[in-house]
Amino acid sequence: MGTPELISPRSPRVSAARRLARRAFRGKERRFIAEGPQAVREAIAHRTDGAPTLIELFATVEAAERHAEIVEAARAAGVRVHFADDRTVAEISQTVTPQGLLGVCRFLDSPFEDILAARPQLIAVLAHVRDPGNAGTVLRCADAAGADAVVLTDASVDLYNPKSVRASVGSLFHLPVAVGVPVERVVDGLKGAGVRILAADGAGDRDLDGELDAGSMGGPTAWVFGNEAWGLPEETRALADAVVRVPIHGRAESLNLATAAAVCLYASARAQRSAGGCRAVSPA
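Take the sequence shown: its letter number 93 is residue 93 in this note's numbering, and every next letter is one higher.
No lab work stands behind these hints, which were simulated from the structure alone.
Keep in mind the model is a prediction, meaning the values are calculated, not measured.
Glycine residues also receive a C-beta, built at the ideal position from the N, C-alpha and C atoms.
Honestly, I wouldn't trust all of these hints.
[To be verified] Quick list of simulated restraints, FRET-style, between CB atoms:
| id | residue 1 | residue 2 | range |
| --- | --- | --- | --- |
| 1 | 219 | 251 | 45 to 55 Å |
| 2 | 206 | 184 | 18 to 28 Å |
| 3 | 144 | 113 | 44 to 54 Å |
| 4 | 85 | 212 | 48 to 58 Å |
| 5 | 51 | 194 | 32 to 42 Å |
| 6 | 30 | 8 | 20 to 30 Å |
| 7 | 193 | 12 | 37 to 47 Å |
| 8 | 45 | 15 | 24 to 34 Å |
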């Protein structure tokens, strides 16, 4: 490709994208930044109200040459493509080592009622989770385990925080996510839909291995995960059908939030796919 014209760092488009680093501006515009080839590729494929979730693409010349297929896919989807120098992309990205591709995207969270209507079988609920990297990583774990949805309560971090988006590594675009829902409403709605509520807590009175051995995890399940430092408050644990701990068989003091979430979600996914579980495949 020839040398393209670079957008000015003082362009209104650059200024608007840069302001998306602030939560208030993201909420006002209902837009966020997705960075890196994986996230941008997923944003092009994802649809919000029938239109590509990706609105604009900013790319350095080097990144555009390295990921020419992504740039062409964006153009084919009607997305505006802006070429920019490294400094401009870095200012929008606000990361130490930007990847040269970043997109402005529409908000894509789903109403909680839509998630309930879909009769979910496996859900991750983030209650009081404040660290954006952990939130994005749990979302990625939920996606990998085959969960049907993720819910962030009103006491949790902003889904569209740049660190959350980066940590999800594109999984944000793969499954429905509801945000800002009070934990009591989440639990009431899921119980009304026949979903068992399990609170993950290191001090739980039930053991994950014991639950698996008892064969009690094959039905629709929602796992509630709490704050990284102090776990779930007592009033939230009291809402659950059971409070379950991940057993520590070695000498580790504990597991971090994302690791514990991965263990719990995969345990449920395996139980549900076993004979008699809610995801069991009927014989042909």
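Results for each hint:
no.: 1; hint: 219 - 251: 45 to 55 Å; in the structure: 34 Å, violated
no.: 2; hint: 206 - 184: 18 to 28 Å; in the structure: 22 Å, holds
no.: 3; hint: 144 - 113: 44 to 54 Å; in the structure: 26 Å, violated
no.: 4; hint: 85 - 212: 48 to 58 Å; in the structure: 54 Å, holds
no.: 5; hint: 51 - 194: 32 to 42 Å; in the structure: 34 Å, holds
no.: 6; hint: 30 - 8: 20 to 30 Å; in the structure: 26 Å, holds
no.: 7; hint: 193 - 12: 37 to 47 Å; in the structure: 45 Å, holds
no.: 8; hint: 45 - 15: 24 to 34 Å; in the structure: 28 Å, holds
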